[in-house]
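Colleague: Chains as they are written, first to last, in my numbering: chain A, 1 to 366; chain B, 1 to 298.
Careful: at least some of the hints might be erroneous.
[To be verified] List of simulated lysine-lysine pairs, BS3-like, C-alpha gap at most 30 Å: (1) A:K362 <-> A:K338; (2) A:K173 <-> A:K318; (3) A:K220 <-> B:K77; (4) A:K205 <-> A:K338; (5) A:K318 <-> A:K64; (6) B:K108 <-> A:K88; (7) A:K134 <-> A:K122; (8) A:K338 <-> A:K220; (9) B:K108 <-> A:K359; (10) A:K339 <-> A:K134; (11) A:K222 <-> A:K174; (12) A:K223 <-> B:K108; (13) A:K362 <-> A:K90; (14) A:K64 <-> A:K77; (15) A:K159 <-> A:K115; (16) A:K220 <-> A:K88; (17) A:K222 <-> B:K108; (18) A:K205 <-> A:K362; (19) A:K362 <-> B:K108; (20) B:K108 <-> A:K213; (21) A:K115 <-> A:K88.
[Unchecked claim] Just so you have them, the derived chain A footprint on chain B, three or more residues with Cβ under 8 Å: (22) 67-79; (23) 137-148; (24) 152-165; (25) 240-247.
If you are wondering where the hints come from, they were derived from the structure by calculation, not from laboratory data. Since the model is a prediction, treat every value here as computed from it, not as a measurement. Note that beta-carbon positions come from the ideal geometry of N, C-alpha and C, so glycine has one too.
For reference, the chains in residue letters:
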Amino acid sequence: MSKFTFGRRTALGVVTAGLAAPFIRPSFAQAAWPEQTSIPDILKGSGEVRIAGYGGSMQEAQTKGYYESFERLSGIKVRPFPDANGPKVKAMVETGNVEWDLAQLSRGSIMNLQKRGDYFEKIDYSIVDDGVGKEYRFEYGLEMLLWAQVLAYRTDAFKGAVPTGWADFWDTKKFPGDRAMFGTGGGGWPEMEIALMAAGVPADKLYPIDVDKALASYNKIKKDVVKWWETGAVPIQLLTDREVTMTTVWNGRMAALQAAGVPAAISWNQGLLKRDAWGIPKGAKNKVNAMKFVAYSTMAIPQARVALAIPYGSVNTKSDEYIPAARQEVLPSAPAIKKQLVNYNYDWWIDNREAVIPKFNKWLLS
Amino acid sequence: MSEITQPSPIAVPLGAPRPLLLNWRRYVPLLLVAPLLIYMLVLYALPVLAMLLRSLNDPTWTLSHYAALFEDVVFMKTFWITFNTSITVTLGCLILGYPVALGLVRAKTMAPLILVIILLPFWTSVLVRSYAWMVLLGRHGLVNEGLIALGMIDRPIRILNTPLATQIAMIHILLPYMILPIANALRQIDPSLIRAASGLGATPFMTFRQVILPLSMSGVAAGTLLTFVLALGFYITPAMVGGPRDITLSMLIAQQVDQLNWAYAATLSAVLLATALAILAAARHLPGVGNAFKTSMR
Numbered sequence: 001m002s003k004f005t006f007g008r009r010t011a012l013g014v015v016t017a018g019l020a021a022p023f024i025r026p027s028f029a030q031a032a033w034p035e036q037t038s039i040p041d042i043l044k045g046s047g048e049v050r051i052a053g054y055g056g057s058m059q060e061a062q063t064k065g066y067y068e069s070f071e072r073l074s075g076i077k078v079r080p081f082p083d084a085n086g087p088k089v090k091a092m093v094e095t096g097n098v099e100w101d102l103a104q105l106s107r108g109s110i111m112n113l114q115k116r117g118d119y120f121e122k123i124d125y126s127i128v129d130d131g132v133g134k135e136y137r138f139e140y141g142l143e144m145l146l147w148a149q150v151l152a153y154r155t156d157a158f159k160g161a162v163p164t165g166w167a168d169f170w171d172t173k174k175f176p177g178d179r180a181m182f183g184t185g186g187g188g189w190p191e192m193e194i195a196l197m198a199a200g201v202p203a204d205k206l207y208p209i210d211v212d213k214a215l216a217s218y219n220k221i222k223k224d225v226v227k228w229w230e231t232g233a234v235p236i237q238l239l240t241d242r243e244v245t246m247t248t249v250w251n252g253r254m255a256a257l258q259a260a261g262v263p264a265a266i267s268w269n270q271g272l273l274k275r276d277a278w279g280i281p282k283g284a285k286n287k288v289n290a291m292k293f294v295a296y297s298t299m300a301i302p303q304a305r306v307a308l309a310i311p312y313g314s315v316n317t318k319s320d321e322y323i324p325a326a327r328q329e330v331l332p333s334a335p336a337i338k339k340q341l342v343n344y345n346y347d348w349w350i351d352n353r354e355a356v357i358p359k360f361n362k363w364l365l366s
Numbered sequence: 001m002s003e004i005t006q007p008s009p010i011a012v013p014l015g016a017p018r019p020l021l022l023n024w025r026r027y028v029p030l031l032l033v034a035p036l037l038i039y040m041l042v043l044y045a046l047p048v049l050a051m052l053l054r055s056l057n058d059p060t061w062t063l064s065h066y067a068a069l070f071e072d073v074v075f076m077k078t079f080w081i082t083f084n085t086s087i088t089v090t091l092g093c094l095i096l097g098y099p100v101a102l103g104l105v106r107a108k109t110m111a112p113l114i115l116v117i118i119l120l121p122f123w124t125s126v127l128v129r130s131y132a133w134m135v136l137l138g139r140h141g142l143v144n145e146g147l148i149a150l151g152m153i154d155r156p157i158r159i160l161n162t163p164l165a166t167q168i169a170m171i172h173i174l175l176p177y178m179i180l181p182i183a184n185a186l187r188q189i190d191p192s193l194i195r196a197a198s199g200l201g202a203t204p205f206m207t208f209r210q211v212i213l214p215l216s217m218s219g220v221a222a223g224t225l226l227t228f229v230l231a232l233g234f235y236i237t238p239a240m241v242g243g244p245r246d247i248t249l250s251m252l253i254a255q256q257v258d259q260l261n262w263a264y265a266a267t268l269s270a271v272l273l274a275t276a277l278a279i280l281a282a283a284r285h286l287p288g289v290g291n292a293f294k295t296s297m298r
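Kindly generate the complete structure, drawing on both the sequences and the hints.
Modeller: Spelled out as structure tokens, the structure:
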């Protein structure tokens with residue numbers, strides 16, 4: 001049986017690699033990239049740091065963005081691993097067999113674990129760059145990548161009409177066609193905020209989420225949602241094959257789709273601004289090196305380089321000076337776009353996810 | 001397993017060897033399987049056991065996780081969906097697979113080619129095949145375009161993202177597990193029996209009904225069990241091509257692992273495992289099916 005059970009992250013990695021290959025790379029011409037030429041002595045060292053990310057095109061972007069330059073400047077070797085996920089950190093720490101020094105997770109998954117025990121090292125903020133905003137810092141992790149869960153649509157489906165928010169997503173008369181949304185199948189987080197905004201709740205009044213109200217709003221779109229997707233490649237495939245006219249997507253996936261010539265676009269308004277975060281598993285062998293890498297990777301230039309390689313945003317405010325205006329049009333961190341997005345509140349989800357998901361499951365199956 | 005660890009009559013030489021030598025030889029089969037046995041025990045059985053224990057001792061010794069399942073609507077529905085899908089898929093495999101097995105055994109020169117065609121999907125990843133089905137079954141995919149071209153439908157129908165798509169894709173993946181045991185059983189039928197039947201005036205259909213079919217039942221049983229038990233554990237295929245409500249038990253387990261509800265996930269896994277084992281155990285006692293285990297071992 002195990003042959004057929006397939007981890008969500010594994011699937012994600014394979015799909016990322018598979019999908020990325022035939023497409024034109026959604027990265028910016030590399031000649032224009034800024035180059036980090038020196039680092040403070042405190043970030044230098046020896047040995048290695050084992051970093052778990054997601055593999056695929058994300059890992060490629062990180063390699064060009066900051067793995068290579070970190071190795072060169074610090075003298076610390078980077079060993080990337082795919083398949084980062086919270087449950088694995090839990091298993092590693094519990095069995096005392098910590099194979100990663102650093103993992104790319106989210107504030108949600110880090111704090112979800114941390115509230116059950118001691119699974120992460122504290123971040124040493126004395127060496128972190130000043131440009132990294134306060135809102136991205138927390139005791140057991142540092143947010144290091146901005147991305148957005150946004151509305152994407154087929155530009156050829158509505159005779160020129162442009163959807164500009166979730167009320168339009170819900171409006172199947174004005175914007176006909178099937179929909180796809182993020183489900184909970186493989187451990188996702190239901191898009192309760194989106195359902196609430198569709199029902200007219202203003203962006204600054206979303207939290208604390210009124211779950212019953214959100215589900216009541218979901219009821220109105222339920223029959224039109226043909227897929228509750230769980231890996232980022234699926235909505236992209238559905239848009240490409242004209243299986244849906246509108247879906248929620250992870251913004252980074254859309255660049256590849258557009259580069260391949262599919263008539264589809266993002267509507268940024270009311271999108272959810274989410275963040276990935278570095279976490280150092282408790283007892284990591286090279287935790288000092290990991291800490292140095294966390295500090296380096298969130299500096300202005302390394303962050304800008306990743307944003308140039310893959311359309312995800314920087315957490316360092318100083319990165320903007322290294323990113324050309326043309327590139328800013330696709331980055332969730334660009335000021336003009338960021339102000340349209342809604343800050344995802346991981347803290348609310350940390351406290352409530354356990355109660356919300358069974359409710360959502362029950363609603364979905366009813 | 002027990003078939004293999006039992007001293008096999010082959011290992012005992014003819015004649016009357018010395019008792020000491022006999023003893024030594026008795027353990028040869030055991031020694032041969034020992035590496036695999038230890039490997040499975042240490043790297044598979046023990047971790048599975050440790051995981052299953054979580055359903056009983058997390059946070060303290062309790063049966064409450066199991067008791068809670070009876071009031072768990074999500075579990076009940078998911079279990080039903082999983083069970084129902086597995087039955088449909090198994091039946092589909094049987095109906096499609098039996099004639100192919102028959103053809104495979106009858107074919108003389110074409111047999112290797114047919115075998116390659118049957119096994120080809122084996123060598124492609126489940127993920128890639130699921131994507132292929134997405135392309136084929138989509139509203140603008142080959143199947144819909146074909147049906148429209150033939151004038152059977154006016155406009156595209158929804159096949160992708162429905163339970164039917166899950167069943168089609170799963171049948172495709174599981175067919176070899178049905179065909180091969182049946183073909184194996186068919187091949188062992190003594191051809192003289194068939195000649196005898198027709199010599200005694202039986203029509204080809206009567207020969208099939210009264211000779212071939214009963215004698216192939218061990219293969220049918222083995223194939224059905226194998227297919228069904230494998231179908232119970234499907235995850236990627238229903239997740240990718242299935243309908244909005246196609247949540248299988250494996251998907252629920254993955255979800256619960258991700259949410260760190262490991263005790264609940266372990267409980268669900270235990271139920272899934274127990275279901276599979278119960279079906280295997282029950283099937284063993286059905287008349288004629290017990291042989292399937294022996295046949296499929298060889």
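Colleague: If a hint holds in the structure, say so; if it does not, say that too.
Modeller: Checked hints:
1. A:K362 <-> A:K338: violated (34 Å)
2. A:K173 <-> A:K318: Outside the cut-off at roughly 44 Å; violated.
3. A:K220 <-> B:K77: Holds, at roughly 22 Å.
4. A:K205 <-> A:K338: holds (18 Å)
5. A:K318 <-> A:K64: holds (19 Å)
6. B:K108 <-> A:K88: Distance ~52 Å between K108 of chain B and K88 of chain A Cα, so the pair is violated.
7. A:K134 <-> A:K122: Since the Cα atoms of K134 of chain A and K122 of chain A sit roughly 16 Å apart, the hinted pair holds (cutoff 30 Å).
8. A:K338 <-> A:K220: Holds: K338 of chain A and K220 of chain A sit about 29 Å apart, inside 30 Å.
9. B:K108 <-> A:K359: violated (58 Å)
10. A:K339 <-> A:K134: With Cα atoms ~17 Å apart, K339 of chain A and K134 of chain A stay inside 30 Å; holds.
11. A:K222 <-> A:K174: With a Cα-Cα distance of about 17 Å, the restraint between K222 of chain A and K174 of chain A holds, given a limit of 30 Å.
12. A:K223 <-> B:K108: violated (52 Å)
13. A:K362 <-> A:K90: holds (27 Å)
14. A:K64 <-> A:K77: Cα-Cα ~14 Å, so holds.
15. A:K159 <-> A:K115: violated (50 Å)
16. A:K220 <-> A:K88: violated (37 Å)
17. A:K222 <-> B:K108: Not OK: K222 of chain A and K108 of chain B at ~54 Å, beyond 30 Å, violated.
18. A:K205 <-> A:K362: Measuring from Cα to Cα gives roughly 26 Å; hence the hint holds.
19. A:K362 <-> B:K108: The hint is violated at about 54 Å.
20. B:K108 <-> A:K213: Roughly 66 Å between the alpha carbons, so the hint for K108 of chain B and K213 of chain A is violated.
21. A:K115 <-> A:K88: holds (16 Å)
22. 67-79: With 4 residues in contact (Cβ-Cβ under 8 Å with chain A), the coverage given for the region 67-79 of chain B holds.
23. 137-148: Held - the region 137-148 of chain B has 4 residues with a Cβ nearer than 8 Å to chain A, which meets the minimum of three.
24. 152-165: Since 3 is at least three, the answer is holds.
25. 240-247: Our answer is that it holds, as 5 residues pass the Cβ test (under 8 Å) against chain A, meeting three.
Hints 1, 2, 6, 9, 12, 15, 16, 17, 19 and 20 from the list above are not met by this structure, while the remaining hints are.
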